[in-house]
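All chains, please: the whole structure from these sequences, using the hints.
There are 2 protein chains.
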Amino acid sequence: MKNDANVAIEIVKAPTSKIDSVDFENLSFGHIFTDHMMVCDYENGAWKRPKIVPYGPITLEPAAKVFHYGQAVFEGMKAYKDKDDKIWMFRPLENFKRINKSSSRMAIPEIPEEYFMPALEELVKLEKDWIKKGFGNSLYIRPFVIATEAGVSASPSKNYKFMIICSPAKSYYTGEVRVQFSERFSRAADGGVGSAKAAGNYGAQFYPTGLANAEGFQQIIWTDASTHEFLEEAGTMNIFFRINDTLITAPTNDRILDGVTRKSIIKMAEENNINVEVRKVAVKEIIEAANNGTLKEIFGTGTAAVINPIAGFGYQGKKYELPKLTDSYASFLKDALMKIQYNLAEDKFDWRYLVE
Amino acid sequence: MKNDANVAIEIVKAPTSKIDSVDFENLSFGHIFTDHMMVCDYENGAWKRPKIVPYGPITLEPAAKVFHYGQAVFEGMKAYKDKDDKIWMFRPLENFKRINKSSSRMAIPEIPEEYFMPALEELVKLEKDWIKKGFGNSLYIRPFVIATEAGVSASPSKNYKFMIICSPAKSYYTGEVRVQFSERFSRAADGGVGSAKAAGNYGAQFYPTGLANAEGFQQIIWTDASTHEFLEEAGTMNIFFRINDTLITAPTNDRILDGVTRKSIIKMAEENNINVEVRKVAVKEIIEAANNGTLKEIFGTGTAAVINPIAGFGYQGKKYELPKLTDSYASFLKDALMKIQYNLAEDKFDWRYLVE
Ligand SMILES: Cc1ncc(COP(=O)(O)O)c(C=O)c1O
Ligand SMILES: Cc1ncc(COP(=O)(O)O)c(C=O)c1O
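The listed protein sequences correspond, in order, to chains A and B.
Position 117 (the first sequence) corresponds to 117 in full-length UniProt numbering; numbering is contiguous.
Position 48 (the second sequence) corresponds to 48 in full-length UniProt numbering; numbering is contiguous.
It should be emphasised that the hints constitute simulated quantities derived from the structure, not laboratory data.
Worth double-checking, as some hints may not be accurate.
Just so you know, same-sequence chains aren't split out, so a pair can sit in one copy or run between any two.
[Unchecked claim] DMTMM-like, lysine to aspartate or glutamate: derived pairs with alpha carbons at most 20 angstroms apart: (1) K13 <-> E61; (2) K83 <-> D347; (3) K280 <-> E183; (4) K18 <-> E61; (5) K170 <-> D35; (6) K48 <-> E122.
This is the structure:
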C-alpha cells in the first residue's frame, strides 16, 4: 500500500465546546458525541492524511455503496482517566488488528498502523476533558470505515471514509438482563462474516431481538445456524457459563467475534486459578446444569459492558432463573479487569496503553 | 401506522438537466444518475410526505445507524419505453411487497403502498427522457431505505430515509460469465437475512467474489452454508440448471431471494411446455450431468441482467465448459420475457404496468 506515511495529523479545532451542556450523570449510551471527529479518506488506491475536525454531519451521494451494499466495518474501544489525570486505553492494538481483519473480509483496504494509532491518540488527547474520572466512567471510541463510491452495481467501492467518533459513557446495560437461547433465527453462517465487525451483522439482529424483547428477554444468545444445538455469543458480547466452579466459553470461529474482553477474561480467570474450558457449549448441557443446580452463572463480556451478568434465560418456552451469588466470578473478574483498565491494579500482561 | 396519506407528491424540479452530457451508447451499469431523486423521511413514528428533488448529496450524522449497523434494504426494478413512448414497468407491486418484507426482517418500518407507488411513478414520469427506446435499454430504478438516527448503540433506528434514485441502463453483464460453486464461503445462514435484500448481504460477498475473480470466475454460485452440497443462488441472480430438457431451480427459503424474474421465468417456461422442477439442486448431480453430457445450460435470472447465460463453472479446482446451444432455453426465455417487458408481445399474466 502506498500512503502519505509519517505525516502529522492535521487538526482543525471546534470554535466552542458543547461539553458544558452535557449531563455526565445521566448519559444514555452512545447518543452524545464529543466536539471533534477523525476523518481519513481512501482515494486513488491510498489512504490520505488523517484529519481531526469539529464533529458534524457528513455528505455522501445517495448512491454511496455503504447505503446499498453495507460495505462497512467498525470497532468499539474505551479510554479511561486515572486519579492523576493520566489517560489509558485497553489493548488498543487488538482493535486496530481486528478492524483490519474485518475490513479484509469485507473487501475494504486495510488501514496502516501509522495512521490508525496516531489518529486515535490525537483525538483522545484532544477530547480529554470528556473523559471523567471515577470507576465506570469512560470515553467510548467508535472507529469505523464506510464505502463512499457512488454506484449501484454490487462490487467493492473504490473510495472509503475511515472515521473515529467518541461518546462519553457510564455503563452500557442497566437493570437485570435475561437472555433467550435462539431456536430459529441465526446471527451468522459458517463461511460468512460473523467473525468480522461488519455493520450488517448488527442490523440483522434487530428483528429477532425485538421478538425476544416482547417475551421479556433483553438479549439473544445465538446458537449455531446449522443445528441450534450450540451456544455461541450474544449480540455484542461473548458468553461465559459457569458450571460448578468451571467457566466454559465457545471457541472463536468464523461465526463468532474474537472479543478482546473475552480473551482478557480467560487469561485473568486462569491467572486466578479458575478452571476455564474453551470448547463447544451444548444447549442441552446448560439446560441439564440449570435443572440439576450446577449452573451457577452466565455472563457476557464486551467493551461496552465489560462484564454483564445474566439473571436468567429462556429456552423452548421455559424460563430459567440463575442463582444470585455473593461470590460470583462475574463480579470478581469485572472488578479485577476494571482495576487494570483504570490503573488501580498491577498490569501483569501489559494491557494498559498510556495516551500521552 | 399513522401517515399523511393521500397527499400529492411535492416536486422540486432541477433547474437544468445533465442528460445532454450522457453518452447513452456507452453506459456502464449504475454509475450515472438522472436529474431527480425521491426522498421520504420517517420521523416520530410516521412516514412523511414523499418529495421529489434534484438529485444530489445527502447529509447524515457520522453516527447514523446505517453506517454502523447496516440497517438498510433496497430494491432493483426497471422502466421500459415502447415504440409509442409509453412507459412500462414490470410487476412493480412485487418489488413494493418485497421491500417491505425485507424491511420487516431488518426492523425497518414498512412503507405504505399509497406512498411507494405514486412516488415511484411520479419520479419515472419526470425522468421519461432518460428512458431510451430500443430493446435492452431501460431505466434502472433503485428504491432503498436507510437508518438515519444518530446513535452508536446496537438497536433499531428511530428515523429512516426512503429514497429512489434512477440510472439509465443498457445490459448489466458483458462478456461470457463463468461461475464458481462455493465450497467454503457462504452468503446466508438458515434463520438469517438471506431472503431479504438487506445491504449487508451484498458487501459480505465482495471478498469471496474477488477470490473467485482471481481464478477466472465472474460470479459465485452459493451453496447452503451447512453442507455446501446444494446450489442456491448467485450474488444478484437466481440460478436455473437445464439437464436434458428439464429446467431445475432451488426452492426459495430464508437464505434465497424470491426473485421476480425467477418466478416469471418459471411461469413462462411452464406456459411454453418446458418441464420445470423447483427442488433442491445437488452439486453432485450437476457435476454428474456435466460429466455425462446431460447438463445443457446454466443461467441466472435477475432484474439487472434479465437472463444471464453461464458459459462454464468451476468446482473443486476443476473447470467445466457448457455446450454452446443454438436453441437455448436461456435465449428463448429471455427474448420472450423481454418482449413482454417492452410491450412487444401479449401480456397473458398481466405483468406489465403502464406508467401514466
Ligand atoms: C458480536 C460481538 N461479540 C462480542 C463482542 C465483544 O468484543 P470486545 O470484548 O472486543 O468488545 C462484540 C463487541 O465488540 C461484538 O460485537
Ligand atoms: C440475491 C439476489 N438474488 C436474486 C435476485 C434476482 O431478483 P429479481 O429477479 O427480482 O431482480 C437479486 C436481485 O434482485 C438478488 O439480489
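These are the hints, each one checked on the structure:
no., hint, in the structure
1, K13 <-> E61, "between (26 angstroms within a copy, 18 angstroms between copies)"
2, K83 <-> D347, "within (16 angstroms within a copy, 77 angstroms between copies)"
3, K280 <-> E183, "within (17 angstroms within a copy, 24 angstroms between copies)"
4, K18 <-> E61, "between (29 angstroms within a copy, 16 angstroms between copies)"
5, K170 <-> D35, "within (18 angstroms within a copy, 47 angstroms between copies)"
6, K48 <-> E122, "within (16 angstroms within a copy, 41 angstroms between copies)"
The structure meets every hint from the earlier list without exception.
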